[in-house]
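Enquirer: Dock chain R against chain V, hints included.
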Amino acid sequence: MPHIRPIPTLTEKKLLELETRANQIRKDLIEMLTVAGSGHSAGPLGLADIFTALYFHVLRHDPKKPMWEMRDRLLLSCGHVVPIRYVAMAHAGYFPKHELMTLRKLGSRLQGHPEISHMPALENTSGPLGDGSPQSAGLAYIAKKEELPWHTYCILSDGELEAGITWEAAMFAAKYDLHNLTWIIDRNNIQIDGYTKDVMPLEPLRQKFESFNFHVIEVDGHNIAEFVDACRYAQSIWEHPVVIIAHTIPGKGVDFMEFDYKWHGAPPGKGPEDKVARNKQRETALKQIRTLGGTIQSECE
Amino acid sequence: MAKNEKSNLVSGWKQRKEVQMVPTRNGFGEGLLECGEKNSNTYVICADLTESTRTAAFEEAFPERFVRFGVAEQAMAAVAAGMALAGKRVWIASYAAFSPGRNWEQIRTTACLQNQNVKIAGAHAGVSVGPDGATHQMIEDIALMRVLPNMTVLVPCDAEETRKATILANEIDGPVYVRFAREKSPVFTKKDTPFELGKAQVFRNGDDIALIGCGTLVYECLHAAELLSEIGIEARVINNASVKPMDEETILKAAKECGAIVTVEEAQVAGGMGSAVAEFLAEHHPTPLSRIGMQDRFGESGEPQELLEHFKLTAPHIKTEALRVLKRKN
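Protein chains in written order, with our numbering: chain V, 1 to 301; chain R, 1 to 330.
Next comes chain V alone, as it looks inside the complex (with noise of 0.2 angstroms):
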């Protein structure tokens, strides 16, 4: 019998206050890139909804408690994309907001990439990409062979899906049914070369997944109603490890960067000049971000 903690369902409210606060995040990520001078963009921006739904309505964790035994693991497979990680813990209350100012500096506990000695309520040390998914795959193994509540969620890219290690994880996931384990692709479609249809095609991945055994869900991943849906729905799978293939749009919130994978690697102010001036894209970037692109007035204007 499978232990679960239900995750609440989501109010009309409550989904207003996410969505508030998903557009504060990514307006402390763009200062925060901005200040540290080099770290990647359109990853993380792609990832501000996904995040913001993670750490205020589907885990059970407590940023006082940071190691409290039952909390829900959240691990990163893709650690380059950790900036939106540090932006939510920081909101949630992990650290103070102004730590985030000391992204990749020396001394600071926000390495480049995740890292559970400087952090360890990062779970685990991340950026070689296919490491995370297999340690998701171990946790989860003990925890539903201990038969405890705490349910183990790992974000992938989806450019990280080529290394081999993935697949690996994915047989022994299936293999011992971890129902209590459920991915997260972050289905964005670019990586540092190029869009990953030119790199190295990924579809079909739906029926990859499927093949290997998994439970396959696909969300717009900017729709956070539909995010926590399926967050959802992977608790009543017992049967099947779940993967959650989340469309989104690199850079999202900004359109200069969005959809180019130009942007992956490049935080503001260092990122390709086609469309913004580098001392512009910070004070466009987050012109963008209050307006929700031009869709509203921003109440400073």
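The set of hints was computed from the structure by calculation and includes no laboratory data.
Built from N, CA and C at the ideal position, the CB exists for glycine as well.
Just to be clear, a hint being listed does not mean it is correct.
Unchecked claim - Just the calculated beta-carbon pair ranges, DEER-fashion:
(1) R:D296 / V:V199: 53 to 63 angstroms
(2) R:Q305 / V:S38: 53 to 63 angstroms
(3) V:K65 / R:K199: 37 to 47 angstroms
Expert: Showing chain R alone in chain V's frame:
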């Protein structure tokens, strides 16, 4: 000086025909079983080599703590780290050529950088694997594991010591590499022979030259010392099983008192145990030294004993090399 056969060795160890012959991997299997009994947090994952890595006994005794992982060494290492994050002590077993040969980055990131309780059992190390040939004769593993921060590296000398090394590895907090071999080899240490982390054991006293070995070739060092003794040279024989952390005190003392050193291992000399000794002495007490092992080349098919002789890893060759180094001694 009079040679002193320490009671650390079994009586009659000198008689090659009479000494008990057991593969070091058997000692691993026995040790693992003891770990399983002692600590219920001990898990074992094996990459499709249950019988030959001697993990079968653990599987039979503790099936609920054993995972048949299939041929997937990279994920095996990272899954082990995940299980360790959940509080377990997790062994991963395969041939050393594949683990740590194939999964070095996963070991680096998930076991060492995270400093987790992942224990790597490297079976079939060395050229004495024999007929399988160079693909399966892992000789770079000591170098690969030794350079990793947080990693402990143990290369025990016989089946009995491998049993002890396995138990010790399970008790240490953090990642550990334990190296062992396929073929039967002499069991020349005893149940009460000390085995400690960071301690080398002096198996034979002598002040003319020090023979520092690890793994099953320590037995060849002892025989080389006998050959040298016949011509009036008394060699100190040191079992340097704890390659990392290394017993610098015992090494330094040997360098100062003997003034000449030969290191012996069934591994690539570049980066191996001999390199560890050479690096240390170059900085602290430069001493004439020669490293016996694989000299920047791969192994090949052949009978195990035939190969050890072919690659000049046995007692007569150690003696020859010792005499060569002695010419450089001040």
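Enquirer: Taking the Cβ atom of Q305 of chain R and the Cβ atom of S38 of chain V, is their distance within the range 53 to 63 angstroms?
Expert: holds (57 angstroms)
Enquirer: A range of 53 to 63 angstroms was offered for this pair. Does it hold for the Cβ distance of D296 of chain R and V199 of chain V?
Expert: violated (37 angstroms)
Enquirer: In this structure, is the beta-carbon distance linking K65 of chain V and K199 of chain R contained in 37 to 47 angstroms?
Expert: holds (41 angstroms)
The structure does not agree with numbered hint 1 stated previously, though it agrees with all others.
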